[in-house]
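Q: Just need the whole structure built from these sequences, with the hints factored in.
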Amino acid sequence: MRTKITAAIGVVALALPVANAAAAAKKKVVTITRTVKGPQAVADQWGYVEVALVVKKTTTTVGTHKTVKRTITKVTAPIYPNHTDRSVFINEQAIPLLTQEVLTTTKFNPNIELVGGATATSYAFAQSLQAALIQAKRI
Amino acid sequence: MHRVEHVMGMGIVVAARDGDVPDDVFDWFRHVDETFSTYREGSEISRIRRGELAVGDASEEVQRVLGRCTELREETSGFFDIDAVDGDPSGYVKGWSVDEAAAILDRAGLQEHAINAGGDIRVRGTWRIGIQHPLEPQALAKEVEGTDVAVATSGAYERGEHVRDPHSSHPPAGILSVTITGPDLGTADAYATAAFAMGGHRAPNWTAQLDGYEAMTILADGRVLSTPGFPSA
Numbered sequence: 025m026r027t028k029i030t031a032a033i034g035v036v037a038l039a040l041p042v043a044n045a046a047a048a049a050k051k052k053v054v055t056i057t058r059t060v061k062g063p064q065a066v067a068d069q070w071g072y073v074e075v076a077l078v079v080k081k082t083t084t085t086v087g088t089h090k091t092v093k094r095t096i097t098k099v100t101a102p103i104y105p106n107h108t109d110r111s112v113f114i115n116e117q118a119i120p121l122l123t124q125e126v127l128t129t130t131k132f133n134p135n136i137e138l139v140g141g142a143t144a145t146s147y148a149f150a151q152s153l154q155a156a157l158i159q160a161k162r163i
Numbered sequence: 020m021h022r023v024e025h026v027m028g029m030g031i032v033v034a035a036r037d038g039d040v041p042d043d044v045f046d047w048f049r050h051v052d053e054t055f056s057t058y059r060e061g062s063e064i065s066r067i068r069r070g071e072l073a074v075g076d077a078s079e080e081v082q083r084v085l086g087r088c089t090e091l092r093e094e095t096s097g098f099f100d101i102d103a104v105d106g107d108p109s110g111y112v113k114g115w116s117v118d119e120a121a122a123i124l125d126r127a128g129l130q131e132h133a134i135n136a137g138g139d140i141r142v143r144g145t146w147r148i149g150i151q152h153p154l155e156p157q158a159l160a161k162e163v164e165g166t167d168v169a170v171a172t173s174g175a176y177e178r179g180e181h182v183r184d185p186h187s188s189h190p191p192a193g194i195l196s197v198t199i200t201g202p203d204l205g206t207a208d209a210y211a212t213a214a215f216a217m218g219g220h221r222a223p224n225w226t227a228q229l230d231g232y233e234a235m236t237i238l239a240d241g242r243v244l245s246t247p248g249f250p251s252a
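Taken in order, these protein sequences are the chains called A and B.
All residue numbers for the first sequence refer to my numbering, where the first residue is 25 and numbers rise by one.
All residue numbers for the second sequence refer to my numbering, where the first residue is 20 and numbers rise by one.
Treat each hint with caution, since some may be false.
What the hints assert, rightly or not - To spell it out: a stretch of chain B is covered by chain A in this simulated footprint if at least three of its residues, at any positions, have a beta carbon under 8 Å from a beta carbon of chain A; those stretches are:
hint, region
1, 138-147
2, 158-168
3, 237-244
Claimed, not checked - Label pairs and their in silico Cβ distance ranges:
hint, chain 1, residue 1, chain 2, residue 2, range
4, A, 50, B, 158, 40 to 48 Å
5, A, 124, B, 230, 39 to 47 Å
6, A, 58, B, 94, 44 to 52 Å
7, B, 252, A, 58, 24 to 32 Å
8, B, 73, A, 130, 43 to 51 Å
What the hints contain is simulated information worked out from the structure, not anything from laboratory work.
We put the CB at the ideal spot given by N, CA and C, even for glycine.
A: What follows is the structure in C-alpha cells.
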C-alpha cells in the first residue's frame, strides 16, 4: 500500500517540472519533525511497552499544489520490559540480510483464514476466533 | 470443511477446501498424546523420564523424535535443548505431529488443507495467515499468504511463559516474538523457540543464516526484522 502511494507521489513530482516551467511557480519546502507516542501496552508479566516514533513531515508547495510526505526516522521504546537490558543492538553486518519495519497493528479481517502465534493471553479467544474466521468465509 | 478437537492440551483445527477431513487425523493426534504426553503417567516419554524405559527400548517413533531433538540442539547451539526441560520433547512433538497429520491428509487425496495446532500452522495450497500481534491479543502484527508452508511462532505471550535461555535459565530480553516459516513445522517450531530464547541481541542474526527457513523477529523496541524470503501479504 505504502509503495503504491509513494509511486503516485513520484508521478506527481515528475509531472511538476513541466508545470513549473510554464507557470514559473515557486517551490516551497517545509520540513517539520515531531515525536509521537503510542499508549502504554501491557505485555503480560513483561510489564509495559510504550513506543515513540520520530516522524518527519515534508510539505512541498508548488503554486497551489501541495504534496505531503511523512517518513518515520526513528523508533524508540521509552518504556519497555526488561529495562535492565535497554539497548537492543543488532550487528551491523546482519542488517543488509534483514528487512526492517516498524511493528504495526492490523485488525482481524475476514480474509484471514488462519491465525498463527499465540496461545496464552488469549487462548480461548484465538480458538473461537479461528473457528469464526472459517465460518465467515462461507457467508 | 473444518473440524476442531481438543487434543494434546490445545485446540487443533484441521480444515480442507476440497473434501472431508478424515477421522484418522484426530486418531493420530490422540496416539501422539498417549505416546509423548508428559501429563500421562503411562506414556513412553513419562516412563523414559522416570528411568523406567531406556530410550533404546522405546518405540521406533519415540527414538526418531528424540534423535531429531538431539540434532536440533546441535543446529541451534544448544538453545533448543529438551534436557533443559527434563527431557520433555513437546516443543518439537507438536510441530512434528502436525507434519505427520498433513501427510495423512495428502494421502487422503486432499490438496488444499490447513492445520492449526495452538497457533502453529501447516498448509497445503495457498492460505491467508495472520500472525498475532505480540502485545495486542486481539490484533495482528502481520498478514501473509502462505503456500505449502509451515509457520511457527514463539513468544513471551505463549502459554506458561516457558521459553527460557537454557544456558542461563533467564527469560530472553529485548524480544517479543519470532515467527519461522519453512517446509517442516517441527523444525520451524524448534528454530522459533531457540531464536526467541537467544533474545533480541542474537536472534535476528541467527535467523539470517538459516538454510531453507525464513524468519520475522519482533523486537521489544518495536522493530520487525525479517529475512528476505519471509512471505508477504
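Q: Each hint should be assessed against the structure and marked as holding or not.
A: Hint by hint, here is what the structure shows:
With a cut-off of 8 Å between beta carbons, the region 138-147 of chain B has 6 residues touching chain A; three or more are needed, and the interface restraint holds. Note: the region 158-168 of chain B has 5 residues with beta-carbon separation from chain A under 8 Å; the three-residue rule is met and the coverage holds. Check on the region 237-244 of chain B: 8 of its residues sit with their Cβ under 8 Å from a Cβ of chain A, so the three-residue criterion for coverage holds. Roughly 45 Å separates the CB atoms of residue 50 of chain A and residue 158 of chain B, a value that falls within the hinted 40 to 48 Å.
About 22 Å separates the C-beta atoms of residue 124 of chain A and residue 230 of chain B, a value inconsistent with the hinted range of 39 to 47 Å. Between residue 58 of chain A and residue 94 of chain B the CB atoms are about 45 Å apart, so this pair conforms to the stated range of 44 to 52 Å. Against the hinted window of 24 to 32 Å, the Cβ-Cβ separation of residue 252 of chain B and residue 58 of chain A comes to about 29 Å, which satisfies the hint. Between residue 73 of chain B and residue 130 of chain A the beta carbon distance is about 50 Å. The supplied range of 43 to 51 Å therefore holds.
In this structure, the one hint that does not hold is number 5.
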